[in-house]
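Protein sequences, first through last, are from chains A and B.
Count along the first sequence from 1, then add 36; that gives the number in the numbering used here.
Count along the second sequence from 1, then add 8; that gives the number in the numbering used here.
Source of the hints: derived by calculation from the structure; they are not laboratory data.
Watch out, some of these pointers could steer you wrong.
Claimed, not checked - Partial list, derived from the structure: chain A residues whose beta carbon lies under 10 Å from chain B:
1) T52
2) A64
3) A66
4) A68
5) L71
6) V73
7) G75
8) S77
9) T80
10) K162
11) Q184
12) G185
13) A352
14) Q353
15) N355
16) Q361
To be verified - Here are the computed lysine-lysine pairs in the DSS-like style, where the Cα-Cα straight-line distance is at most 30 Å:
17) K515/A x K134/B
18) K129/A x K134/B
19) K515/A x K482/A
20) K104/A x K264/A
21) K129/A x K104/A
22) K345/A x K254/A
23) K268/A x K563/A
24) K563/A x K324/A
25) K324/A x K370/A
26) K134/B x K346/A
27) K563/A x K370/A
28) K162/A x K134/B
29) K134/B x K345/A
30) K264/A x K134/B
31) K134/B x K370/A
32) K134/B x K482/A
33) K134/B x K205/A
Stated by the list, open to error - Calculated from the model, a selection of chain A residues having no Cβ within reach of chain B, i.e. all distances over 10 Å:
34) I109
35) A198
36) A360
37) P364
38) A468
39) I552
These figures come from a predicted structure and were not determined experimentally.
Every residue gets a Cβ at the ideal spot worked out from N, C-alpha and C, and that includes glycine.
Listed here are the chains, written in short residue letters.
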Amino acid sequence: MAERPRNHLGGRPPATPPLLKAGRIAMATASAGVLLVSGVSWFTYNSLVDGLNTSDALSVAQRHAPPKLDNSINLLLIGLDSRKDMNGNDLPKQFVEQDLHAGSSDIGGYNTNTLIMLHIPANGGKVQAFSIPRDDYVETLNGDGSSQGHHKIKEAYGLAKAAAEPRLKASGVSGADLEQQSREAGREATLATVQQFLGIRIDHFAEVNLLGFYDIAKVVQPITVCLKHATKDPAMTGQGSGADFHAGYNTLDAAQALAFVRQRHNLTNGDLDRTHRQQAFISSVMYKLKQEGLFGDLGKMQGLLDVVKKDVVLDAQWNILDFAQQVPNLTGGKVVFNTLPIQGFATRNGESVNLVDATQIQRIIQRLTAHDPSPEPTPSSSSAAPAPAGAPVTPATVDVLNGSGVTGLAAEKQKTLVDAGWSPGRTGNATARAHTVVRYGAGAQKAAKEVAGKLGGGTAAPTASSALAAGHVEVILGKDAAAGAGSAGAAAPGAPGAPGGSGGSGAGSAEPASSIPFQGSAVDMGKGIPCVD
Amino acid sequence: MPEQLAQPQPESARQHRTAPPRSESPPPRRQPERQPGRPPGRSPVRPRTGWVLLALPVFGAALDEVIGSPLGLLFALCTVLASAWAALLTTRRGLWWVLPAPPLVVAAVTVLSQLLLHDVDLSGTKLATTALKWAVTGFPVMAFSLLAAVSALGLRQVLVRRVAVRSGRAARAVEARQVPVPRRNHHG
Numbered sequence: 037m038a039e040r041p042r043n044h045l046g047g048r049p050p051a052t053p054p055l056l057k058a059g060r061i062a063m064a065t066a067s068a069g070v071l072l073v074s075g076v077s078w079f080t081y082n083s084l085v086d087g088l089n090t091s092d093a094l095s096v097a098q099r100h101a102p103p104k105l106d107n108s109i110n111l112l113l114i115g116l117d118s119r120k121d122m123n124g125n126d127l128p129k130q131f132v133e134q135d136l137h138a139g140s141s142d143i144g145g146y147n148t149n150t151l152i153m154l155h156i157p158a159n160g161g162k163v164q165a166f167s168i169p170r171d172d173y174v175e176t177l178n179g180d181g182s183s184q185g186h187h188k189i190k191e192a193y194g195l196a197k198a199a200a201e202p203r204l205k206a207s208g209v210s211g212a213d214l215e216q217q218s219r220e221a222g223r224e225a226t227l228a229t230v231q232q233f234l235g236i237r238i239d240h241f242a243e244v245n246l247l248g249f250y251d252i253a254k255v256v257q258p259i260t261v262c263l264k265h266a267t268k269d270p271a272m273t274g275q276g277s278g279a280d281f282h283a284g285y286n287t288l289d290a291a292q293a294l295a296f297v298r299q300r301h302n303l304t305n306g307d308l309d310r311t312h313r314q315q316a317f318i319s320s321v322m323y324k325l326k327q328e329g330l331f332g333d334l335g336k337m338q339g340l341l342d343v344v345k346k347d348v349v350l351d352a353q354w355n356i357l358d359f360a361q362q363v364p365n366l367t368g369g370k371v372v373f374n375t376l377p378i379q380g381f382a383t384r385n386g387e388s389v390n391l392v393d394a395t396q397i398q399r400i401i402q403r404l405t406a407h408d409p410s411p412e413p414t415p416s417s418s419s420a421a422p423a424p425a426g427a428p429v430t431p432a433t434v435d436v437l438n439g440s441g442v443t444g445l446a447a448e449k450q451k452t453l454v455d456a457g458w459s460p461g462r463t464g465n466a467t468a469r470a471h472t473v474v475r476y477g478a479g480a481q482k483a484a485k486e487v488a489g490k491l492g493g494g495t496a497a498p499t500a501s502s503a504l505a506a507g508h509v510e511v512i513l514g515k516d517a518a519a520g521a522g523s524a525g526a527a528a529p530g531a532p533g534a535p536g537g538s539g540g541s542g543a544g545s546a547e548p549a550s551s552i553p554f555q556g557s558a559v560d561m562g563k564g565i566p567c568v569d
Numbered sequence: 009m010p011e012q013l014a015q016p017q018p019e020s021a022r023q024h025r026t027a028p029p030r031s032e033s034p035p036p037r038r039q040p041e042r043q044p045g046r047p048p049g050r051s052p053v054r055p056r057t058g059w060v061l062l063a064l065p066v067f068g069a070a071l072d073e074v075i076g077s078p079l080g081l082l083f084a085l086c087t088v089l090a091s092a093w094a095a096l097l098t099t100r101r102g103l104w105w106v107l108p109a110p111p112l113v114v115a116a117v118t119v120l121s122q123l124l125l126h127d128v129d130l131s132g133t134k135l136a137t138t139a140l141k142w143a144v145t146g147f148p149v150m151a152f153s154l155l156a157a158v159s160a161l162g163l164r165q166v167l168v169r170r171v172a173v174r175s176g177r178a179a180r181a182v183e184a185r186q187v188p189v190p191r192r193n194h195h196g
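For reference, chain A alone in the conformation it holds in the complex (with noise of 0.2 Å):
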């Protein structure tokens, strides 16, 4: 604009030329459009989320859990089992009986019967879901990472809040608050022994009770499901779950739906197609959530919501707007749900247990969540040629994890690694293992292999982690590294004894995807009503 003479001191001040008014019009408007368009959405959203039940156990959990690669999410879904609100009062009786199939309150405790763990790849690909088997039995931990010793996988919540209990008394914790915190204790033994058991990070969790399950069927229903078989299961002596259903599709109230996902016996495969009912249960919410358009509609989704903020425990880290935008990858039948395997059962501390090996289960979740994908490593050993004697090895950190029963074993091989040139990083101890295995994370493959030819021509080509950090290998001994890997004789992967065909990280990267042992069929979402046993 033209610089126009101004008198300050006298006389008046020269007409704002119209251009310029139009100008401070336009941007006052722009300016208030926008405040109020964000304010109200702030405003909606704050009152939406406002109240929910916030957990802060991840972040302790988080301490110990594998480095975040990338911007995938992994959530885990957590069924507790327990007949008592949040604050440790007993729900009423009759409710109980009548309404939840579900015994007394004194059934159950605090066992953690549902673990689905989603994994939402950050482009949009497709959604991987794991159901964990209630009573796998893996090495269960405490939410700093100590360990509780091995017990069926359910356990870990209810023993970690027994633990926490008489020490929070005893510093005069009471009531409502020790139920809340000694839950918490619960929430990080779970979530830390499940990334332990899958090798990954947890992002989220969700973690809903009975109640809060029936509270939400109630929202939701009438629930259409589908059953391949007709089926029963009565209700005694707080055994049965109450379940009555034809073969084909079943429209289900609030306590049929708890029925369902909840029935175990006179099932083909037992307590294993209940995780299933449990995936079709989802998928058939979710199909009906869309076809009514609940996504779309902040009305229908407030009455929801409600009942999230008096049932569900969220993680404090939780932003529901991210969720909202993952939405649609849920939605968008780009969900398969999968029980992840199991290698028999047994009796453990004269329970049944499946048994798995953990080793198998963290390979699968590596294959579908792998953050790079690396080439799939052959199973030759000429690819893990050893480094020549004096040679400058690649640099990188290698973590040492003992899984041999061999006390000292971790750290003497760190310190040979250490010798040939590379840099130390930690040791520890690892579920027990036949054979030894090398992971490698980002930009860490040349190296894996020297470290691989460096320990044996025995051990398995290297595989990489995305649950690894960049630059670093990580070894887990074996049994074999015990009876000196190094040495031609050590046990070839996959050989016989090895449960499910899981003996080498070699040969089950080389398995096509659809080769993956999972436990049952896979139940598709987004596609429809599902039909399951």
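Assemble the complex: chain A is given as a structure, and chain B must be docked to it using the hints.
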């Protein structure tokens, strides 16, 4: 924003100094007048309002990107600071541009940084949720920035009044000292 780029000086300062005539549009570049007693090249540099208002939020957003916390605390602090600073620097007419600026600056920086630096998927319903997310996260920064600008303006008014009062007292004192004393008439 032509007015906010005008010589940024408080009204009172202008009235009590021998300031050059100013306009709403940016004045032509010229050598700053050297104040008496100040060595050459040492004149205080007063940033232009427009630069403050735009560059500081962008700088904050860039820092947040570097530390891996996009549109985080540094962006918020820089935007609030920029709004307050700009409100102190601008002229009375420039306020027409400075006060409405924070919401637009926040919105612009948010949208541009997300589109340019992040892989934002705006297809289908994701456009609505993404826009909603930007609005929700941006609103507190907008509101606090606006509040900071208004507060700075209030502070400026208070300071201007104080300076004016002091100047008035000083002027009256000088006048009082300069009142000529009537000379006694020895011839009366």
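Hints, verified against the model:
The criterion of a C-beta within 10 Å of any C-beta in chain B is met by T52/A, whose closest approach is roughly 8 Å, and the hint holds. With a least beta-carbon distance of about 5 Å to chain B, the hint placing A64/A at the interface is held under the 10 Å criterion. The interface hint given for A66/A holds, since its Cβ lies 6 Å from the closest Cβ of chain B, which is under the 10 Å cut-off. Given the 10 Å rule on beta carbons, the hint for A68/A holds: about 7 Å separates it from the nearest Cβ of chain B.
Taking 10 Å as the C-beta contact cut-off toward chain B, the hint placing L71/A at the interface holds, the least distance being around 4 Å. The closest approach between the C-beta of V73/A and any C-beta of chain B is roughly 6 Å, which is under the 10 Å cut-off, so the hint is satisfied. Against a cut-off of 10 Å between C-beta atoms, the interface hint on G75/A holds, since the closest Cβ of chain B lies about 6 Å away. Interface restraint check for S77/A: the shortest CB-CB distance to chain B comes to about 4 Å, inside 10 Å, so the restraint holds.
Residue-level restraint check for T80/A holds (minimum Cβ-Cβ distance to chain B is 9 Å; threshold 10 Å). Hint on K162/A is violated. Least Cβ distance to chain B is approximately 16 Å, over the 10 Å limit. The interface hint given for Q184/A is broken, as the beta carbon of that residue sits about 34 Å from the closest beta carbon of chain B, more than 10 Å. At a threshold of 10 Å, the smallest CB-CB gap from G185/A to chain B is about 38 Å, leaving the interface hint violated.
Hint on A352/A is violated. Least Cβ distance to chain B is approximately 17 Å, over the 10 Å limit. For Q353/A, the interface hint is violated, the least distance from its beta-carbon to any beta-carbon of chain B being 13 Å, above 10 Å. Annotation: interface hint on N355/A holds; nearest CB of chain B at approximately 8 Å, less than 10 Å. Taking 10 Å as the C-beta contact cut-off toward chain B, the hint placing Q361/A at the interface holds, the least distance being around 5 Å.
With a CA separation close to 51 Å, the supplied pair K515/A and K134/B exceeds the 30 Å bound. Between K129/A and K134/B the CA atoms are separated by roughly 45 Å; this puts the pair beyond 30 Å, and the hint is violated. Pair hint K515/A plus K482/A holds up; C-alpha atoms about 25 Å apart against a cutoff of 30 Å. A hinted pair counts as satisfied when its Cα atoms are at most 30 Å apart, and K104/A with K264/A does not qualify at roughly 40 Å.
At most 30 Å may separate the alpha-carbon atoms for a hinted pair to count; K129/A and K104/A exceed this at roughly 45 Å. At most 30 Å may separate the alpha-carbon atoms for a hinted pair to count; K345/A and K254/A meet this at roughly 15 Å. For the proposed pair K268/A and K563/A, the alpha carbon gap of about 27 Å is at most 30 Å, so the pair holds. Of the pairs offered as hints, the one joining K563/A and K324/A holds, with about 11 Å between alpha carbons and a cut-off of 30 Å not exceeded.
Between K324/A and K370/A the CA atoms are separated by roughly 16 Å; this keeps the pair inside 30 Å, and the hint holds. This hinted pair checks out: K134/B and K346/A have alpha carbons roughly 28 Å apart, not beyond 30 Å. A threshold of 30 Å between alpha carbons decides the hint, and for K563/A with K370/A the separation of about 9 Å falls inside it, so the pair holds. Using a Cα cut-off of 30 Å, the hinted pair K162/A and K134/B holds, with the two alpha carbons roughly 17 Å apart.
For the suggested pair K134/B and K345/A, the alpha carbons sit about 25 Å apart, so the restraint of at most 30 Å is met. Between K264/A and K134/B the alpha-carbon distance is near 36 Å, which puts this suggested pair outside the 30 Å criterion. The suggested pairing of K134/B with K370/A holds, with an alpha-carbon distance near 16 Å, which does not exceed 30 Å. As the CA atoms of K134/B and K482/A are separated by approximately 40 Å, the hinted pair breaks the 30 Å bound.
Under the criterion of a C-alpha separation no larger than 30 Å, the hint pairing K134/B with K205/A is inconsistent with the structure, at around 48 Å. I109/A, annotated as away from the interface, keeps every beta carbon of chain B farther than 10 Å; the closest lies near 14 Å. Interface exclusion of A198/A from chain B stands, the closest Cβ pair being 38 Å apart, more than 10 Å. The claim that A360/A is not at the interface with chain B is violated, since a C-beta of that chain comes within 10 Å of its own (minimum 5 Å).
Listed as a non-interface residue, P364/A fails to keep its Cβ farther than 10 Å from every Cβ of chain B; the least gap is roughly 6 Å. Consistency note on A468/A: stated as away from chain B, and its beta-carbon is indeed over 10 Å from all of that chain's, at 38 Å minimum. Every C-beta of chain B lies more than 10 Å from that of I552/A, the closest at about 29 Å, which supports listing it as non-interface.
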